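Q: Once you have looked at the hints, place chain B on chain A.
For reference, the chains in residue letters:
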Amino acid sequence: MSVMDESGMFNVQQTIGSVLCCKCGVPMAPNAANMCVNCLRSEVDITEGLQKSIQIFYCPECTCYLQPPKTWIKCQWESKELLTFCIKRLKNLNKVKLKNAEFVWTEPHSKRIKVKLTVQAEVLNGAVLEQSYPVEYTVRDNLCESCSRFQANPDQWVALVQLRQHVSHRRTFFYLEQLILRHDAASRAIRIQQVDQGIDFFFGNKSHANSFVEFLRKVVPIEYRQDQQLVSHDVKSSLYNYKYTYSVKICPVCREDLVCLPSKVASGLGNLGPLVICTKVSDNITLLDPRTLRCAFLDARQYWRSGFRSALTSRQLVKYFVFDVEPPVSEATVGGQKYALSYVQIARESDIGKMFYVQTHLGHILKPGDQALGYDIYGANVNDNEMEKYRLSVKNGLPEAILIKKCYEEQRERKQKKSRNWKLKSLPMEMDDSRGRVDPEKTDKEYEEFLRDLEENPELRFNISLYKDKDYQASETASMTDGEGAPSVPIEELLADLDLSEEEEDDDDDEEDMAE
Amino acid sequence: MATRLQFENNCEVGVFSKLTNAYCLVAIGGSENFYSAFESELADVIPIVKTSIGGTRIIGRLCAGNKNGLLVPHTTTDQELQHLRNSLPDQVVVQRIDERLSALGNCIACNDHVALAHTDLDKETEEIITDVLGVEVFRQTIAGNILVGSYCALSNRGGMVHPRTSVEDLDELSTLLQVPLVAGTVNRGSEVIAAGMTVNDWTSFCGSDTTATELSVIDSIFKLREAQPSSIVDEMRKSLIDTYV
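Listed in order, the protein sequences are those of chains A and B.
The first sequence begins at 1 in this note's numbering and counts up one residue at a time.
The second sequence begins at 1 in this note's numbering and counts up one residue at a time.
So that you can see chain A by itself, here it is in the shape it has in the complex (with noise of 0.2 Å):
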């Protein structure tokens, strides 16, 4: 009966007594109104004042619902957005506490959807009582605005965006679509069409295309223009609309490319060598003289002043075998990337007889016996007026050979590792046949060399996503016996790709080297 507490006190135990419900005599546990149950919910009730019934409307397309006046939210049937949704429609709940909401099943095809809410609330002097009660919504059927203008006209677009590079490869264009999916730039374009010299992105929205033109003015060096065409235009009210359409030209000088820059150029660089060797496009171009080991960057308004073109591009490169390499005469750092000029003896791999003694760049990579790649200007038809003039003005004549990189290509078959262990995405998007000149060996050539290119440079891969390839199996003949293998991605690089799949749950290992 007595209990003793921490404090050593007695507490004599408290056993409630029951009084009878006030109203019907029942006996009941004291509460603060003193009546039963069942006779203070026929007094009161709380739902008195609340919304029982309520109309939706429902776009059948999109299967979104609709938030009065604009918004279309999409939901799933009985989904957790849906109740939300449902309860967010109703007024006046803000009087009460809700304390639980759950559907009650319907046919789906009666366009019907109830819902059970209970609630609380206080009544009489104190004493809260819980109720529950349906609510039942009548589903209307109603194209939302962006369903039924596709629906009008299924190819509408509003603004064009034509991004053009007039140089014979693709590989600006494998490396920018590799930039765009990472930054999700053209997740709003309504359709990407693939052509000739370039591709075509098309919006929905002027805002959208406007965007994505100052997405690419910054990873790449452009020149646009933008212009419009007058579509429908409402006397009454003075609204016209347009179609808007930008050109985007790309810069035609890429990476690895020789360049020889006009006189005016050179000097406003400070007496750059005219033969530039151009290491780096982004949102400007980094030229680097092989002789001076000095850098100079032009960003698009620069270069589109003069507009200068590539003397030698990358399918002018030929293979040099290295013979011998003298020790450095200078080294530098430019732009975080190490040269060391010094003197290599060389020749062509088609012609081994003839040697040539030049200078070069890559002083500290190269050793003899290696393989490389460089631009033959003694031997190559160079087609360029700036060429010409310097080939006249100059006494000792232009450098037999300028190499440009390092050739794996020795490593590469002695690896006998033909898949890769990371792979890429791609956008969805459409070839354009109809000119018939696409040639499809050409465009895997140029793409397998692009993945060579990003394998062998770490900046490249700065900007892009790699993902991990699940079919790949390492070989038996992976484990490196040879000191210097070709140059492959680290594994720290690639990112798991996210597989929603049911069978089996990736986690999210997201191990990519920002400090590249």
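There may be inaccurate statements among the hints.
Claimed, not checked - Reference excerpt, derived from the structure (chain A facing chain B, CB under 7 Å, subset only): (1) F10; (2) T15; (3) I16; (4) G17; (5) L20; (6) K23; (7) P27; (8) A33; (9) N34; (10) V37; (11) N38.
Hints were generated in silico from the structure; no laboratory data involved.
Only a predicted model underlies this, so the values are computations on that prediction, with no experimental measurement involved.
Heads up, the beta-carbon is just placed ideally off N, CA and C, and yes, glycines get one too.
A: Here is chain B on its own, set in the frame of chain A:
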């Protein structure tokens, strides 16, 4: 038999009246209906006195009494005191007491033999209660409330307390008071019993909101069904006649 009535549209009858076995005090209301209700029940049996205490009408909560005496607070004016002394029977001693807790009706619940008092009442007041009312005083709480006079309605045959009083408390109080007790409500679930009703040994008056269930509980605990006023008052008359002779 329990009667239902209202004082000026208010169901708290115990606030505006005080009923004992020897007399009845009634507040001065705007209409005579309240007074007539009492009169129709009690006219020939006991005197019904219209009064105010300290100029207020809440006389039921300000004074405490039984057949032996009546205690009024210090706020009572001299005229009121004189009026009470004149109107009440001579054996009822009217005493004005000086007490910090001046709402004596809320602090003291009593019948003719025993009284429950507020725990903070003065020692002197307790002695006066014992002398004037002729009762044994117990300092108690009811369901944790110190205002015993509000939450308990007591007569010589039974008593009703606050509905949340625990079973152990009920037993203890019942032993002290020597009458059966019940936990119940009055006026449709109101917990302030003594404010909602007033009772003596043969009759009681409740607020008009009181439901039939509550009324039946009151009737049963105070044993009002068989009670007749005459038997009790005759005893009193006999003693009266004795003294004259």
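Q: Failing hints, ascending?
A: Hint check: 1, 7, 10 and 11 fail, others pass.
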